[in-house]
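Undergrad: So you can see what is in the structure, the chains are spelled out below.
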Amino acid sequence: MSVIEADVDARTAPRPLPARSAALDGVLTMVPLLAAYIPFALVIGAAVAEHGSPVAGWAGSWLIYGGSAHLAAIRTLDESGPVVAITTALLINARLLVYSASLARRWTAQPRWFRFAAAGLIIDPTWAAAERHAGEGADPDAQRRYFIAAGLTLGAGWSAAIAAGAALGSGIEGLDVEIVIPLCLMALIGPALRSSIERTVVVSAAAVALLTAGWPAGTGLLAAVAVGSAAGVARERAVAS
Amino acid sequence: MTWLVILAVGAGSFLFRLVPLLVLHRVSLPEGADRVIRYAGCAAVTALITLSARGNATGDATLPTLLALGVGIVMAVRQASMFRALVAGLAVYAMAALLIALIAR
Chain A
0 MSVIEADVDA
10 RTAPRPLPAR
20 SAALDGVLTM
30 VPLLAAYIPF
40 ALVIGAAVAE
50 HGSPVAGWAG
60 SWLIYGGSAH
70 LAAIRTLDES
80 GPVVAITTAL
90 LINARLLVYS
100 ASLARRWTAQ
110 PRWFRFAAAG
120 LIIDPTWAAA
130 ERHAGEGADP
140 DAQRRYFIAA
150 GLTLGAGWSA
160 AIAAGAALGS
170 GIEGLDVEIV
180 IPLCLMALIG
190 PALRSSIERT
200 VVVSAAAVAL
210 LTAGWPAGTG
220 LLAAVAVGSA
230 AGVARERAVA
240 S
Chain B
0 MTWLVILAVG
10 AGSFLFRLVP
20 LLVLHRVSLP
30 EGADRVIRYA
40 GCAAVTALIT
50 LSARGNATGD
60 ATLPTLLALG
70 VGIVMAVRQA
80 SMFRALVAGL
90 AVYAMAALLI
100 ALIAR
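Protein chains in written order, with numbering that gives the first Met the number 0: chain A, 0 to 240; chain B, 0 to 104.
Note that these hints are calculated values from the structure, not bench results. Just so you know, even glycine gets a beta-carbon here, dropped at the ideal spot from N, CA and C. Check each hint, because a few of them may be wrong.
If you want the footprint, here are the derived chain B segments under chain A, 3+ residues with CB under 8 Å [as the list claims (entries may be wrong)]:
#1 2-9
#2 36-45
#3 58-69
#4 78-92
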């Protein structure tokens with residue numbers, strides 16, 4: 000058995016966890032992330048308030064469930080019209096295909112109702128948290144409870160913060176605490192950094208993200224995903240040979 | 000018009016989330032595609048971290064941001080809890096920002 004196979008087996012080996020603790024873990028994992036995302040949600044709320052249809056804008060907190068795409072949709076709608084707004088937001092959210100495909104590999108034993116319910120809650124922090132939790136060896140039942148609890152916690156807080164931002168109005172546009180989000184996300188993907196293959200993925204994706212930062216919305220991120228994945232596969236082959 | 004845009008983006012985003020969960024449940028991917036997917040999520044979050052940090056690292060905030068990220072990386076590799084990583088990163092950020100402000104006086 001190769002090192003890689005052993006690693007994969009260790010990740011996927013089921014480890015029974017108390018169901019209640021899995022749900023509680025999901026909630027507790029999301030609390031600091033939620034705190035990190037609140038300023039961003041307030042800014043989106045302020046943008047929603049400035050827009051002509053605040054209820055429709057707020058509804059995006061659950062319907063789109065992705066801050067960058069939500070904000071881009073509202074701002075681009077005013078500047079360039081509906082077609083450009085929809086295209087830009089969908090391009091930004093195209094990365095969700097990757098998260099969902101990744102979780103599909105983890106969730107082969109999950110029931111159909113869960114895949115439908117969970118689909119609406121997949122976003123960067125919930126993906127990273129679910130991957131980390133599954134990597135610790137949680138069984139399918141615990142993974143299910145953990146993900147639903149984490150997704151609903153983040154979603155409820157996110158939606159409430161956008162509503163608060165809409166109520167407070169444009170006075171909060173100056174909030175500047177962006178450093179909190181990368182610190183939280185970094186802690187979630189931290190365990191991956193112990194593997195040389197995933198370190199290669201991280202370094203390659205970060206480099207491409209920096210180089211393509213000026214590209215149109217969402218496209219640089221997709222380029223970083225493509226290059227990071229390819230670098231990971233190449234490194235995996237090099238390690239195996 | 001806002002409702003139309005929100006509903007269209009919401010529907011498209013939901014399909015992005017749902018289709019792989021339904022399709023990949025039934026279809027087994029070639030080994031190469033499976034490997035790409037394994038690393039793609041990690042690459043996407045890394046890109047988001049990078050872009051978010053880049054947005055913050057401007058002017059006087061550049062050095063504090065880089066130092067906080069450095070501490071965050073060390074804490075992440077050591078598998079520190081998110082709370083500890085956040086507290087350590089923010090403390091370094093605050094101290095560096097304060098130091099720069101004092102020097103600038």
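Undergrad: Check whether three or more residues of the segment 36-45 of chain B sit with their beta carbon closer than 8 Å to a beta carbon of chain A.
TA: holds (count 10)
Undergrad: How about the segment 2-9 of chain B: do at least three of its residues have a C-beta closer than 8 Å to a C-beta of chain A?
TA: Since 8 is at least three, the answer is holds.
Undergrad: Three or more residues of the segment 58-69 of chain B near chain A by CB distance under 8 Å?
TA: Since three or more residues must qualify, the claim that chain A covers the segment 58-69 of chain B holds, with 5 doing so at under 8 Å.
Undergrad: Do three or more residues of the segment 78-92 of chain B come closer than 8 Å to chain A, measuring C-beta to C-beta?
TA: Contact hint for the segment 78-92 of chain B vs chain A: holds, 10 residues under 8 Å.
Consistency with the previously given hints is maintained throughout, with no hint failing.
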